[in-house]
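Peer 1: Start from the sequences, fold in the hints, and give me the full structure.
There are 2 protein chains.
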Amino acid sequence: MTLEELVSYARRYGFVYPGSEIYGGLANSWDYGPLGALFTDNIKKLWFKKFVDEKKNCVRLDSPIILNSKVWEASGHLKSFNDPKVDCLNCHNRERADKLVEKASGGTIDADGMKLEEIDAYIKENHVKCPVCGKEDWTPARTFSLMFKTSQGVVEDSASTVYLRPETAQGIYIAFKNVWRSSRQKVPFGIGQCGKAFRNEITPGNFLFRVREFDQLEMEFFCKPGTEEYYFEEYKKDCVNFLKSLGIKDENLTTYDHPKEKLAFYSKGTTDILYKYPWGFDELWGIASRTNYDLTRHQELSGEDLSYLDPETNEKYIPYVVEPSVGVGRLFLAFLLNGYENETLSDGSTREVLHVHPALAPYKAVVLPLMKKLHSDKATEIFNDLSKEFTVSYDETQAIGKRYRRADAIGTPLAITIDDETLNNSTVTVRDRDTMTQDIVKVEDLRDYIRRKIEF
Amino acid sequence: MTLEELVSYARRYGFVYPGSEIYGGLANSWDYGPLGALFTDNIKKLWFKKFVDEKKNCVRLDSPIILNSKVWEASGHLKSFNDPKVDCLNCHNRERADKLVEKASGGTIDADGMKLEEIDAYIKENHVKCPVCGKEDWTPARTFSLMFKTSQGVVEDSASTVYLRPETAQGIYIAFKNVWRSSRQKVPFGIGQCGKAFRNEITPGNFLFRVREFDQLEMEFFCKPGTEEYYFEEYKKDCVNFLKSLGIKDENLTTYDHPKEKLAFYSKGTTDILYKYPWGFDELWGIASRTNYDLTRHQELSGEDLSYLDPETNEKYIPYVVEPSVGVGRLFLAFLLNGYENETLSDGSTREVLHVHPALAPYKAVVLPLMKKLHSDKATEIFNDLSKEFTVSYDETQAIGKRYRRADAIGTPLAITIDDETLNNSTVTVRDRDTMTQDIVKVEDLRDYIRRKIEF
Chain A
104 MTLEELVSYA RRYGFVYPGS EIYGGLANSW DYGPLGALFT DNIKKLWFKK
154 FVDEKKNCVR LDSPIILNSK VWEASGHLKS FNDPKVDCLN CHNRERADKL
204 VEKASGGTID ADGMKLEEID AYIKENHVKC PVCGKEDWTP ARTFSLMFKT
254 SQGVVEDSAS TVYLRPETAQ GIYIAFKNVW RSSRQKVPFG IGQCGKAFRN
304 EITPGNFLFR VREFDQLEME FFCKPGTEEY YFEEYKKDCV NFLKSLGIKD
354 ENLTTYDHPK EKLAFYSKGT TDILYKYPWG FDELWGIASR TNYDLTRHQE
404 LSGEDLSYLD PETNEKYIPY VVEPSVGVGR LFLAFLLNGY ENETLSDGST
454 REVLHVHPAL APYKAVVLPL MKKLHSDKAT EIFNDLSKEF TVSYDETQAI
504 GKRYRRADAI GTPLAITIDD ETLNNSTVTV RDRDTMTQDI VKVEDLRDYI
554 RRKIEF
Chain B
104 MTLEELVSYA RRYGFVYPGS EIYGGLANSW DYGPLGALFT DNIKKLWFKK
154 FVDEKKNCVR LDSPIILNSK VWEASGHLKS FNDPKVDCLN CHNRERADKL
204 VEKASGGTID ADGMKLEEID AYIKENHVKC PVCGKEDWTP ARTFSLMFKT
254 SQGVVEDSAS TVYLRPETAQ GIYIAFKNVW RSSRQKVPFG IGQCGKAFRN
304 EITPGNFLFR VREFDQLEME FFCKPGTEEY YFEEYKKDCV NFLKSLGIKD
354 ENLTTYDHPK EKLAFYSKGT TDILYKYPWG FDELWGIASR TNYDLTRHQE
404 LSGEDLSYLD PETNEKYIPY VVEPSVGVGR LFLAFLLNGY ENETLSDGST
454 REVLHVHPAL APYKAVVLPL MKKLHSDKAT EIFNDLSKEF TVSYDETQAI
504 GKRYRRADAI GTPLAITIDD ETLNNSTVTV RDRDTMTQDI VKVEDLRDYI
554 RRKIEF
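So the sequence lines, in the order shown, correspond to chains A and B. Under my numbering, read the first sequence as residues 104 to 559, first letter to last. Under my numbering, read the second sequence as residues 104 to 559, first letter to last.
Do not rely on the hints blindly, as some may be mistaken.
Treat identical chains as interchangeable: a pair holds within one or across any two.
What the hints assert, rightly or not - Straight-line Cα separation of at most 20 Å, PhoX-like style, residue types lysine-lysine; simulated pairs:
no., residue 1, residue 2
1, Lys340, Lys379
2, Lys147, Lys347
3, Lys419, Lys159
4, Lys491, Lys148
5, Lys158, Lys481
Please keep in mind that the hints were generated in silico from the structure rather than gathered at the bench.
Peer 2: Pasting the structure below:
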């Protein structure tokens, strides 16, 4: 499936629309429609379930998008959360300079961390042309901050300058002590959060892959120095398992360990889990072993003691941190790409089908009265019961075969047909999206049946 | 319970902490800690369940915080989403001028919609003094925009000026046609969304009541002109029922119908549901009958046809809209205030207990091994099973009575004790938070038992 096909599919069924479309849009911004909103909600729920709620030693947090600006001074974002940019003097096209170099080199150069002078030299020596107008007339490379800036309070002066968080992680660090004190947790323990992050990307693109506003799922796992390698390895396994147990195929995944010489001075390691997008393997999930760098920086700048006192050994230390971090939009993109199939059936006909784990599917089941006139009362009764526990849709128009196809196309795992058997014998026919086989199920057993089918 | 007591309680147990606290905070910003994050997540879930997912004709949407700026031109926010402010020339204290007048009048004046000159005249005639320094030396009243402004894209010019949405509603209006077309819905139908909204309030305050960044739950219900009164009345009932069925006491609720002469020219009515906060009855939920004003404005400015073609009657019209709108933080505040009790027991001792509906409780149950050494393996096994379906906590330290008290204080409806009976007969003791009575339950029936208890 190409990216264009995916965009069209996502729009047609109401997964994703171009944002602000009636006003001509807004640079690569997107609305999650009815199905996309349910799907991404399921992603968040399952992440919280596996990474937080099922663990005795992990808890949630929900901190604001706008934090005290000292947070970004301590974290280094104000100083160094930049990308290099160049402008075309001829057509005013703007490019991310490192990406331009990488493209021009045919992927042989990794420009991440290249100095501005090195970028300028490469562009000059290799006569890199503007991809828009074809000229070779660039400004020198300059750094560009990815931080969205705004003003809080009622006077616009520097004291009131605040930023939209570019990551949710720092909100966790600065609340570490409050959480530790109030939650009765002991190190090692983790704090997970989901929320919007904003990055003023020079060139957003590739549909949901690089957007300026996105939901992030981040876990900061606080552990005793010396144990971080163990948890780093554990989280790498947990993240891959999460993806595979939700149906991501082996061949669509690989990992990339950042080489030691590319790591920040404080880092003990970073591994990216890569997904095979239409443009090739690219970032999906990052797992970073960040030592006590962030807590130490916040301790220095705030003057607050952020060390942990081990209640058993009486040792005092600033915990080390392992951080798995993933964007909801990228997970969503991966699940759609991985699950979509234009399947040829044994009779030669084709169907669109989204093979996604039932726990991710927007609707767990669709309720289908065979004949609108005869069966819709009973079908409504069943819809009303099932929708108390599951997200369920209802479809009473057109032939049953067409309705099956619509349910297949949006990944609904179970299609429940209400017919005369339902009225007479209190049974329904339940068709499976993937196998297209049918079960006869008693109405009273339906909830249990669905519950078993969608378990994760 | 006073507001100060609530703030202290919320902090102590990890519901809410002051935001950015290690840096001295940030004007009335708050972190939702482990319990608050679970609680507000439950509020959102239950709202979606009752107002969207259980209805055949309601769907979800998740649109961005940053929209094309024309949206705010059409909606009128750029022009008129302002509050009047005055500054004290002596101490530089800033006040919302309408609130200052209302306070000075002892509540006899409703200053909403008062002209700036009228405000100035009132302040002068009544010698209104600065509540901070006591002087009477004010600037003239001026309007102040509540919109947070930032710059998107890579050049800071007016073309790239964007705003953080002050409400989620407009994102729904501009996606109306995409949703209608892709979701197979027919008017009347509703689109519900939850997300952050931002208002640069002059004087945020009253804990979570007035903050600059908050989660909003909004439903836009699109209906045929002439039917709006019916849906307006329905939604008023539904919202009150939602609150009452989640345990809000009658005496804590009242409603306020905005008088006709105060309504915007296009409005057919607005009713506020008020909650009895510690400072008196104040806004909780607003239900507005907004006619086709917003869709018409967007149609005018965008040039897109936003009318609806009724597939049965072939009538073409721009739908009318009924909009129930509520902030998650205010609901949370109301549930906490309504449910908290410092209860005197029959033996004269007291306990802190949070009487909240089990569906709202952060943890549905706490798993308690009676003796850590003997029962924690079995307790962990039970925790692992239950946490697959419910948010459950685990507590193995101190005497069982103390552990009960901790669970009561944070509103955990069920306390499950694992003891020798569990090892020998596979039964557990389940204590009820409110009645403090105990049931003996088979381990294999526990999930069903909890499911029944938390149903909503």
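Peer 1: Output the numbers, in ascending order, of every earlier hint that fails for this structure.
Peer 2: Number 3 only.
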